[in-house]
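Participant: Spelled out from the first residue to the last, the chains are:
Protein chains: 2
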Amino acid sequence: MTQDLAPGQLLARGVCRHLLQHGFVGIEEVVPAPGLRVDVMALGPKGEIWIVECKSSRDDYVSDRKWQNYLEWADRFFWAVGPDFPTDLLPPDTGLIIADGYGAEILRMGPESKLAGARRKVITQKFARHAALRLRAFRDPGVTASGICP
Amino acid sequence: MTQDLAPGQLLARGVCRHLLQHGFVGIEEVVPAPGLRVDVMALGPKGEIWIVECKSSRDDYVSDRKWQNYLEWADRFFWAVGPDFPTDLLPPDTGLIIADGYGAEILRMGPESKLAGARRKVITQKFARHAALRLRAFRDPGVTASGICP
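Protein chains in written order, with our numbering: chain A, 68 to 217; chain B, 68 to 217.
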């Protein structure tokens, strides 16, 4: 399976494995609002929402013009990068995760910026429908993940 | 795949396929509270929660002692049964879906009994974590659906 994944997807897999140890369940490629697609969104045991953007290279990071738009959709925001990534590039007031395809480690927690209730409700429902729709496509070959609008 | 599913699971699959046409995404075997396990829980486009209990036979229905406990966890409650099921047995003030492994049809809407906000929040989070955890197990062979408590 590993060889089918792009570098960023491998990082996302390692991130999701590690987040489970913190009680957070992550899913990939969630769309919180039109035009935005986050690499990993994770839901914690108390309903916390974390967003993790996975950057496989310096260029991948430098070309990202959207990440600041993600901040308003999460209680905490993190970057996930490989062990060779020049982490000095990253803003110090964001979370930092070092990852590979098999696991990860949180080096710096993203500062907490709690979602308002109404927004948390919206994003939790989006998360739920996205996860359930993807799950259906795995469980039932008669359904596609794009079968209905998530 | 069909031959691996028990009769009730086949009904659940047909139900979930049909619910997608109503914009509801269903997942199987959700535990809203300890000791309760619903066959299908579905999340609607506005955050509505529907519960569907699948009964493959008269005996399956008669032996169910718990279904009334499910009512308080959903906005609407339905039975799903095969075309040969004696539907006169079922309480008239519950929803009714006729299903097989490939599809379903809602014959009678379950009456609406809207969840209170706090309970909706709890059950939506459970739904989300359950779906995401099951999805992880499909996407990543290194993770099991029982990896952490949903």
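Check each hint, because a few of them may be wrong.
Which copy is meant is left open, so a pair is good if it fits within one copy or across any two.
Below 25 Å or equal to it, Euclidean Cα-Cα: the simulated DSS-like pairs (lysine-lysine) are [claimed, not checked]:
hint	residue 1	residue 2
1	K133	K113
2	K193	K133
3	K188	K113
4	K188	K133
To be clear, the hints were calculated from the coordinates, so they are not data collected in a lab.
The structure presented is a predicted model; accordingly, all values stated were derived computationally and were not measured.
Participant: Run every hint past the structure and note whether it holds.
Facilitator: Hint-by-hint comparison with the structure:
{"no.": "1", "hint": "K133 <-> K113", "verdict": "neither (27 Å within a copy, 27 Å between copies)"}
{"no.": "2", "hint": "K193 <-> K133", "verdict": "within (19 Å within a copy, 30 Å between copies)"}
{"no.": "3", "hint": "K188 <-> K113", "verdict": "both (13 Å within a copy, 11 Å between copies)"}
{"no.": "4", "hint": "K188 <-> K133", "verdict": "within (23 Å within a copy, 29 Å between copies)"}
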